[in-house]
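Trainee: Here is what each chain is made of, one letter per residue.
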Amino acid sequence: MIIGQYIESGVNWLTDNFSGLFDGINTGMSSLIELIEAFWTGIPFYITIALFTALALWKAGRKNAVLTLVGLVFIYFTGFWEETMQTFSLVLASAIIALAIGIPLGIWSAKNKTANSIIRPILDFMQTMPAFVYLIPAVLFFGLGTVPGAFATIIFAMPPVVRLTSLGIQQVPEDIVEATKAFGATPRQLLVKVQLPLAMPTILAGVNQTIMMSLSMVVIASMIGAKGLGEIVLQGISQLRIGLGFEGGLAVVLLAIILDRITQNLGQNQKKK
Amino acid sequence: MEKIKIEKLSLVFGKGKAKALKMLDQGKSKAEILDATGCNVAVRDANLTINEGEIFVIMGLSGSGKSTLLRCINRLINPTTGKIFVNNEEITNMSDKELLNIRRKELAMVFQHFGLLPHRTVLSNVAFGLELQGIEKDEREVKAQETIDLVGLKGYENQKVSELSGGMQQRVGLARGLANSPEVLLMDEAFSALDPLIRSQMQDELLLLQEKMQKTILFITHDLEEAIKLGDRIAIMKDGEIVQVGTSEEIITNPADDYVESFVENVDRSKIVTAGSIMFKKPKVARLKKDGPAVVLRTMRDLGLSSMPVVRTNRTFLGFVKLEDVVDLKKKEIKTIESIIRDSVMTVNPDETVEDMLPLLSKTNLPIPVVNEENHLLGVVSPTSLIAETTGKDKGEINEIIQKAIEL
Numbered sequence: 011m012i013i014g015q016y017i018e019s020g021v022n023w024l025t026d027n028f029s030g031l032f033d034g035i036n037t038g039m040s041s042l043i044e045l046i047e048a049f050w051t052g053i054p055f056y057i058t059i060a061l062f063t064a065l066a067l068w069k070a071g072r073k074n075a076v077l078t079l080v081g082l083v084f085i086y087f088t089g090f091w092e093e094t095m096q097t098f099s100l101v102l103a104s105a106i107i108a109l110a111i112g113i114p115l116g117i118w119s120a121k122n123k124t125a126n127s128i129i130r131p132i133l134d135f136m137q138t139m140p141a142f143v144y145l146i147p148a149v150l151f152f153g154l155g156t157v158p159g160a161f162a163t164i165i166f167a168m169p170p171v172v173r174l175t176s177l178g179i180q181q182v183p184e185d186i187v188e189a190t191k192a193f194g195a196t197p198r199q200l201l202v203k204v205q206l207p208l209a210m211p212t213i214l215a216g217v218n219q220t221i222m223m224s225l226s227m228v229v230i231a232s233m234i235g236a237k238g239l240g241e242i243v244l245q246g247i248s249q250l251r252i253g254l255g256f257e258g259g260l261a262v263v264l265l266a267i268i269l270d271r272i273t274q275n276l277g278q279n280q281k282k283k
Numbered sequence: 525m526e527k528i529k530i531e532k533l534s535l536v537f538g539k540g541k542a543k544a545l546k547m548l549d550q551g552k553s554k555a556e557i558l559d560a561t562g563c564n565v566a567v568r569d570a571n572l573t574i575n576e577g578e579i580f581v582i583m584g585l586s587g588s589g590k591s592t593l594l595r596c597i598n599r600l601i602n603p604t605t606g607k608i609f610v611n612n613e614e615i616t617n618m619s620d621k622e623l624l625n626i627r628r629k630e631l632a633m634v635f636q637h638f639g640l641l642p643h644r645t646v647l648s649n650v651a652f653g654l655e656l657q658g659i660e661k662d663e664r665e666v667k668a669q670e671t672i673d674l675v676g677l678k679g680y681e682n683q684k685v686s687e688l689s690g691g692m693q694q695r696v697g698l699a700r701g702l703a704n705s706p707e708v709l710l711m712d713e714a715f716s717a718l719d720p721l722i723r724s725q726m727q728d729e730l731l732l733l734q735e736k737m738q739k740t741i742l743f744i745t746h747d748l749e750e751a752i753k754l755g756d757r758i759a760i761m762k763d764g765e766i767v768q769v770g771t772s773e774e775i776i777t778n779p780a781d782d783y784v785e786s787f788v789e790n791v792d793r794s795k796i797v798t799a800g801s802i803m804f805k806k807p808k809v810a811r812l813k814k815d816g817p818a819v820v821l822r823t824m825r826d827l828g829l830s831s832m833p834v835v836r837t838n839r840t841f842l843g844f845v846k847l848e849d850v851v852d853l854k855k856k857e858i859k860t861i862e863s864i865i866r867d868s869v870m871t872v873n874p875d876e877t878v879e880d881m882l883p884l885l886s887k888t889n890l891p892i893p894v895v896n897e898e899n900h901l902l903g904v905v906s907p908t909s910l911i912a913e914t915t916g917k918d919k920g921e922i923n924e925i926i927q928k929a930i931e932l
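Quick note, the sequences are listed as chains A and B, same order.
This note's numbering applies: residue 11 is where the first sequence begins, and numbers increase by one.
This note's numbering applies: residue 525 is where the second sequence begins, and numbers increase by one.
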């Protein structure tokens, strides 16, 4: 196929000409990931469990706190604690970068029609392209390891937060925006004092989605050498050890449920209590 | 003194505005312009002067361009052509910075659907305008508290606005506008979303507040009753054009065209039409010292009157004489009419409405004299015209009814 050839030569051209840039990104990202990973694998497991349980109790209520406690203790006893923390660190790093890029993009596309009409099809593309496909250019740019895994994860996980940020801002009632302008707000005041606070529940729904998608991608990313629970699952598949694969998978599910419950309730902390 | 002046303002939505404007100049209709260019003419050649301290109401049905015109004043919408002046400063050519300043300091706005920030408390909503100006928290909250007390929201400061009823929310909206101490309040259908009872209450309160504040208020409504109740002057808009400007009485008694007439025909005229406008001016009078019974009798017979007002030479009103008394007097050959004057007559001043005069009908069958402060006779209101005003029937019909009643 001709398109495939063009893509290939395009990616090659990028790797040839921008290797310095990719190296820079590589160094930056790997030090961020290492920092986060050093923290979560460094502290004792009981402190981590206590931290998570406290956070769940604060944000998501007693029921979810119990769920968190039980889930993490279970993971600890499967023996995959370190892998779980590696996965979690990679999710955290990818999500932070995805949000740091995605939220401003969402704001921009809400405010600017041209930006919106360019960003929207790109998001469609990013979301519908099979996730494995991102692994190939990631390897070409960054080699094997954790950083390309994070890179593929960021691309895969960014669309929801862009979309939902944009949607949240567009959904702020027109009369409130108009009233704010009528009282002499600058565009910046309008954004910071009115649009972002009112869009916050929707934006946080996007944050939740982005974190969940990061988790699902991080597991896949172990195919190109990302560390963590994905490795266990992959090992289970390649060695046909169904028990091992299942244990790894179960740990992923538990981590997913815990992260989901905590982030889902971020936006409504006042009401719950 | 004039506060706001709108000159030759037109607003066209759509592409190909140049052609649409040209057609506007040629006097083409809204529909023709829409057909030819696809442009929608929202406001057409509007000219208005709004005086300091008055409540000026712009009334029209939805789509008449009234809200759009209002938004041109603080340039939430930019007019296509024309000029707007506030305090003789031209708004229409201001830079963004000047515009922000005038929005913050001079033109506050109150919205139909309130436009409040649901995630904030009443106090911080009221202080919002001051916050945008960059005023320190303590200072702005003191000022906000003052306006909260003014609009009757005391005790609600720390509630979230989403927990308040519609009427209360609009008080917050009003307080937010007033907290900036603006010179002009732009009120866009401010009470239209409220229940009739609350609406009427808010109208009363606005009038009370206005007595204290003497702001210039530009009020938009689709409700003629509201326009009449609030407006010192009213402009009526139709299809983007201002069809008539005047006091409520001028508009009701003298509608500019069929459109305005169709609007005003359902209004309760008895509350608006005054004695001054329906009285018969300069009626024939009997002058106490100069006109004897013979002269009076001749005038009354010539004009077919059954009674006539009596005045002093300086037009001070004294009372009425009746035909039968004058005839009697002439028979007795008394030379002055002083003895037969019926002076137990209620007078009204020209500002009193038809509604005020109706009770007088039951006490007398004489015309109602209209006098000024010095008790000088200005005119008389006949019972027939009073009934005509309240029932909407014409005088011929009423005379017929009266005749039939007499025959019975």
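Honestly, the hints are just simulated from the structure, not real lab data.
This structure is a prediction, so every number in the text was calculated from the model and none was measured.
Built from N, CA and C at the ideal position, the CB exists for glycine as well.
Accuracy of the hints is not assured; some may be wrong.
Claimed, not checked - Pulled a few chain A residues facing chain B out of the computed Cβ check, cut under 10 Å:
1. 33
2. 118
3. 121
4. 185
5. 186
6. 203
7. 207
What the hints assert, rightly or not - Straight line, CA to CA, 25 Å or less: simulated SDA-like cross-link-like pairs of lysine to any residue:
8. 203/A / 644/B
9. 123/A / 539/B
10. 203/A / 692/B
11. 684/B / 123/A
12. 621/B / 41/A
13. 529/B / 621/B
14. 813/B / 839/B
15. 203/A / 839/B
16. 541/B / 765/B
17. 123/A / 538/B
18. 661/B / 121/A
19. 808/B / 846/B
20. 69/A / 808/B
21. 203/A / 686/B
22. 808/B / 661/B
23. 121/A / 839/B
24. 795/B / 813/B
25. 629/B / 687/B
26. 203/A / 621/B
27. 621/B / 270/A
28. 661/B / 69/A
Stated by the list, open to error - Here are a few chain A residues that sit away from chain B, every Cβ distance over 12 Å (derived from the structure):
29. 49
30. 114
31. 135
32. 155
33. 192
34. 197
35. 200
36. 204
37. 208
38. 226
Trainee: Are the hints correct? Go through all of them and say.
Mentor: Outcome of the hint check:
{"no.": "1", "hint": "33", "verdict": "violated, 44 Å"}
{"no.": "2", "hint": "118", "verdict": "violated, 20 Å"}
{"no.": "3", "hint": "121", "verdict": "violated, 16 Å"}
{"no.": "4", "hint": "185", "verdict": "holds, 4 Å"}
{"no.": "5", "hint": "186", "verdict": "holds, 5 Å"}
{"no.": "6", "hint": "203", "verdict": "holds, 7 Å"}
{"no.": "7", "hint": "207", "verdict": "holds, 6 Å"}
{"no.": "8", "hint": "203/A / 644/B", "verdict": "holds, 10 Å"}
{"no.": "9", "hint": "123/A / 539/B", "verdict": "holds, 18 Å"}
{"no.": "10", "hint": "203/A / 692/B", "verdict": "holds, 23 Å"}
{"no.": "11", "hint": "684/B / 123/A", "verdict": "violated, 34 Å"}
{"no.": "12", "hint": "621/B / 41/A", "verdict": "violated, 45 Å"}
{"no.": "13", "hint": "529/B / 621/B", "verdict": "holds, 21 Å"}
{"no.": "14", "hint": "813/B / 839/B", "verdict": "holds, 12 Å"}
{"no.": "15", "hint": "203/A / 839/B", "verdict": "violated, 69 Å"}
{"no.": "16", "hint": "541/B / 765/B", "verdict": "holds, 18 Å"}
{"no.": "17", "hint": "123/A / 538/B", "verdict": "holds, 17 Å"}
{"no.": "18", "hint": "661/B / 121/A", "verdict": "violated, 29 Å"}
{"no.": "19", "hint": "808/B / 846/B", "verdict": "holds, 13 Å"}
{"no.": "20", "hint": "69/A / 808/B", "verdict": "violated, 89 Å"}
{"no.": "21", "hint": "203/A / 686/B", "verdict": "holds, 17 Å"}
{"no.": "22", "hint": "808/B / 661/B", "verdict": "violated, 71 Å"}
{"no.": "23", "hint": "121/A / 839/B", "verdict": "violated, 73 Å"}
{"no.": "24", "hint": "795/B / 813/B", "verdict": "violated, 39 Å"}
{"no.": "25", "hint": "629/B / 687/B", "verdict": "violated, 29 Å"}
{"no.": "26", "hint": "203/A / 621/B", "verdict": "holds, 19 Å"}
{"no.": "27", "hint": "621/B / 270/A", "verdict": "violated, 45 Å"}
{"no.": "28", "hint": "661/B / 69/A", "verdict": "violated, 30 Å"}
{"no.": "29", "hint": "49", "verdict": "holds, 34 Å"}
{"no.": "30", "hint": "114", "verdict": "holds, 22 Å"}
{"no.": "31", "hint": "135", "verdict": "holds, 32 Å"}
{"no.": "32", "hint": "155", "verdict": "holds, 44 Å"}
{"no.": "33", "hint": "192", "verdict": "violated, 4 Å"}
{"no.": "34", "hint": "197", "verdict": "violated, 10 Å"}
{"no.": "35", "hint": "200", "verdict": "violated, 9 Å"}
{"no.": "36", "hint": "204", "verdict": "violated, 6 Å"}
{"no.": "37", "hint": "208", "verdict": "violated, 7 Å"}
{"no.": "38", "hint": "226", "verdict": "holds, 33 Å"}
Comparing the model with each numbered hint stated earlier shows that hints 1, 2, 3, 11, 12, 15, 18, 20, 22, 23, 24, 25, 27, 28, 33, 34, 35, 36, 37 do not hold.
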